[in-house]
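Place chain B on chain A using the hints.
Going line by line, the protein sequences match chains A and B.
The numbering of the first sequence is the numbering used here, which starts it at -10 and goes up by one.
The numbering of the second sequence is the numbering used here, which starts it at 2 and goes up by one.
Simulated from the structure, these hints should not be mistaken for laboratory data.
Keep in mind that this is a model prediction, so the values were computed, not measured.
The reader is advised that the hints may include incorrect statements.
To be verified - Distance windows between CB atoms, simulated: (1) D183(B) to G64(A): 24 to 30 Å; (2) V456(B) to S(-4)(A): 45 to 51 Å; (3) S(-4)(A) to G156(B): 41 to 47 Å; (4) G64(A) to D188(B): 32 to 38 Å; (5) R225(B) to G64(A): 39 to 45 Å; (6) G64(A) to L307(B): 41 to 47 Å; (7) D55(A) to L307(B): 28 to 34 Å; (8) D55(A) to G578(B): 52 to 58 Å; (9) D55(A) to E221(B): 23 to 29 Å.
Stated by the list, open to error - Some chain A residues well away from chain B (every beta-carbon gap over 10 Å; in silico): (10) T(-9); (11) E(-6); (12) I0; (13) A2; (14) C28; (15) T63.
Said to hold, decoys possible - Covered stretches of chain A, going by a simulated chain B footprint (3 or more residues, C-beta under 8 Å): (16) 4 to 11; (17) 14 to 20; (18) 39 to 50; (19) 54 to 62.
Think of the CB as a built atom: it goes at the ideal place given N, C-alpha and C, for glycine as much as any other residue.
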Amino acid sequence: MTLLELSEGEIAAIHALHGDREARRRIESLGLFAGRRVCVIARAPFSGPVMVEDVVSGARVMIARDLAGQIEVTGDPANGA
Amino acid sequence: MTPRTEPDEIVIALAGQPNCGKSTLFNAVAGFKVDVGNFAGTSVAFAETRVTFQGRRIRLVDLPGTYSISSHDLAEKVARDFLLSGEVDALINVVDASMLSRSLEFTLQLVEMRLPMVMCLNMMDEAQRKGMEIDTSRLEELLGVPVRTAVAVVGTGIDEVFRQAIRACDRAGSAPIEPCYDRDIEDALARLLAEYPDSVRSALPLSERFVILRLLEKDEDFERKVQVASPEFLARAGEERRRLAERDGRAEPLALGSHRHSLVLDLYEKVVRHRRGNVLGTREKVDRFIIHPIGGAITVVGSLLLTFFLAFFLGNAIAGVVDVPFGALRASIQALPSGVGPAILLGLFEGVVAGAGIVLPYLVPLLVLLAIFEDTGLLPRIAFMVDGILHRVGLHGSSVVPLILGYGCNVPSIMATRTLENPRDRFVTMMVAPFVTCSARSVVIIALAGKYLGVLVTVGLYLFGGLVSMAVSYSLTRSKRRKSLGVIMEVPPLRRPYPKIVARKVWLRLREFVMMAWPVLILSSIALSLLSYAGTDATINRLLSPLTASWLHLPVAVGIPLFLGLFRKELTLVMLGAALGTDAIGTVLSSGQIFVLVIFTMLYVPCVATLAAQWREGGWRTAVASFALNLGVSVGVAGGVARLLPTA
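Isolated chain A, as found in the complex (with noise of 0.2 Å):
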């Protein structure tokens, strides 16, 4: 599962990130890497790009949709999902 197919609120821990270098290196470099637990707070409208918060810092990060494409998660047992 990536992160565009999670629903809005549901929460997820990030397991890899996957695609450019250069893109994961600053994906990394903004908090965001392999168990992170995340969940997507609104999707921009015209394939926009999605915002992230990172559940435990409470940052948060927008990613182009194709980028958060490449974002590998697993989801919360917490959540039920």
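Then chain B, alone, in the frame of chain A:
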């Protein structure tokens, strides 16, 4: 032109991630005595100042905000090179305490550099509001560097941070302890430390552990340097890195990263306790509104309208007031007997007036607006909402605010491109910005098209202007070889704007305009005045006639008004009546001709002040390219229209 450090001075650098309040801290210390410079050979700007604190003279350097030191990004590389240059006596790592978990990784990398260092936990009020309790003395113990708290926007804690920084300078040499990685990494480090060759030691006068960590992270910069000193050691480090990567089943460059992530998580859990925060405060509700599709649309349109309002109502009202005292002065200068002296005087006067006519009515309100957009966190949210649309024409969401400001004046819009991280996006935005119809050109459009061609045509012209900007952006980004990476941007929490901080930002940017663009305006105004004194009007008209008469099918006399528009766009309108010998333009020009003239005025070359701003922000090549692009597009489009419409 980096100012050198004087002998008895100590150099303190501020390093931190974007939006950590680093510049706020800097400004709290610097007041208004700030020098803005560029790092040698780059266009990465930094601010620095000299202050005296506790009898010590300090050169304080505000490094560009960066997320890490393992970098390919220009600003990050510049910041790192400066820290490692040996010039820095102490380092203050400014951290947004409310985002501690994310910032710690950068802090850890800085600690590994082993520079005398203080960690400043800024925005402590924000952290407390979020229900975070940070055990600073534990953090101090674990990181081995002093940790102090501050709320820079209100000015608390700053003195203590600097006291600690000076103490750290004085204690330099007594290396702090460093947090340990897990066994795998520490074993690899120990093996490599035992083999550390003297050749690398003398080539890189840095902490050995730091150099090895950089190699384990496959830092190309360091690999190159070590390759020269000792290729064998580089190979050994590569071997260790491969072994680590294989053990974890990860790509090599990430071999160290994952261990650092877990070290950071561990540190974080040891020092931070979360109380149950107050959920969904007012700010959160406002935030939800802004990033909601409908609320977002309202926000974006609202910002656009606000810009229009500032430029047209407030701006034009102030411009009217500013013009009054100048009018009398102008009349008395014009009454002087003609000669070179009075011609220069008149040019000087008009240049000063033109500058005042941009700065007071347009630049100040729009820069205030920009600073508020930036400080409240509205800017990235607007970017979020429009990124999808702008992406289609090759731009990013972050370009939208500079372009919106352009409807007021292109100068602040060029200055605002500084908020764009990627040099490519910044260049494209600077090239598109002059195609946005600024208020000075709007004056011309409304006066000519509004009066002679009707409301519908006028609105149509505005839409057409927008289409041209998009087409320009689309074709510019299509021809660039490298496709831009999709947006990855931090969204800081919404904050209320602090008047003091907004004022400082506006002041700094204004000062740049005054120092850079205004003198250019004055000089070109003097040159213009001398030209007209020498009676070159007819010559200029004749020189421009292939363009005006043959190509655009306009009277030769519009040459001078168009030429003057280069200097100040509204002069085209002011001078048009004089040039054509009547204010009833409709009796001299056909509707078709007025249409062509308005389109040409909308699109042709940026004004001198805009060019000066482009020069300042992007180098002379950007200014020249923008001039050529606008000229090309305007000649093509207006010429095409002239051929389609009956202009006789």
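Legend entry - Distal placement of T63(A) relative to chain B, Cβ over 10 Å: holds, 16 Å
Legend entry - Verdict on chain B covering the region 39 to 50 of chain A, criterion of 3 CB contacts below 8 Å: Holds: 8 residues of the region 39 to 50 of chain A have a Cβ under 8 Å from chain B.
Legend entry - Consistency of beta-carbon spacing, G156(B) to S(-4)(A), with hint 41 to 47 Å: holds, 44 Å
Legend entry - 10 Å Cβ clearance of T(-9)(A) from chain B: holds, 14 Å
Legend entry - G64(A) paired with L307(B), Cβ distance criterion 41 to 47 Å: holds, 42 Å
Legend entry - Distance rule for E(-6)(A), whose beta carbon must clear each one in chain B by more than 10 Å: The assertion about E(-6)(A) holds, with a minimum of 18 Å to chain B.
Legend entry - Range agreement (Cβ of S(-4)(A) with Cβ of V456(B), hint 45 to 51 Å): holds, 47 Å
Legend entry - C-beta pair G64(A), D188(B): status relative to the range 32 to 38 Å that was hinted: holds, 36 Å
Legend entry - Non-interface label on C28(A), tested against every C-beta of chain B at 10 Å: holds, 14 Å
Inset, instruction - Note whether the CB distance of R225(B) and G64(A) lies within 39 to 45 Å or breaks it. - result: Holds, since R225(B) and G64(A) (Cβ atoms, about 43 Å apart) stay within the stated range.
Legend entry - Whether chain B covers the region 4 to 11 of chain A (at least 3 residues having a Cβ closer than 8 Å to its Cβ atoms): holds (count 3)
Inset, instruction - Could you say whether the range 28 to 34 Å given as a hint is met by the Cβ separation of D55(A) and L307(B)? - result: holds, 33 Å
The structure meets every hint from the earlier list without exception.
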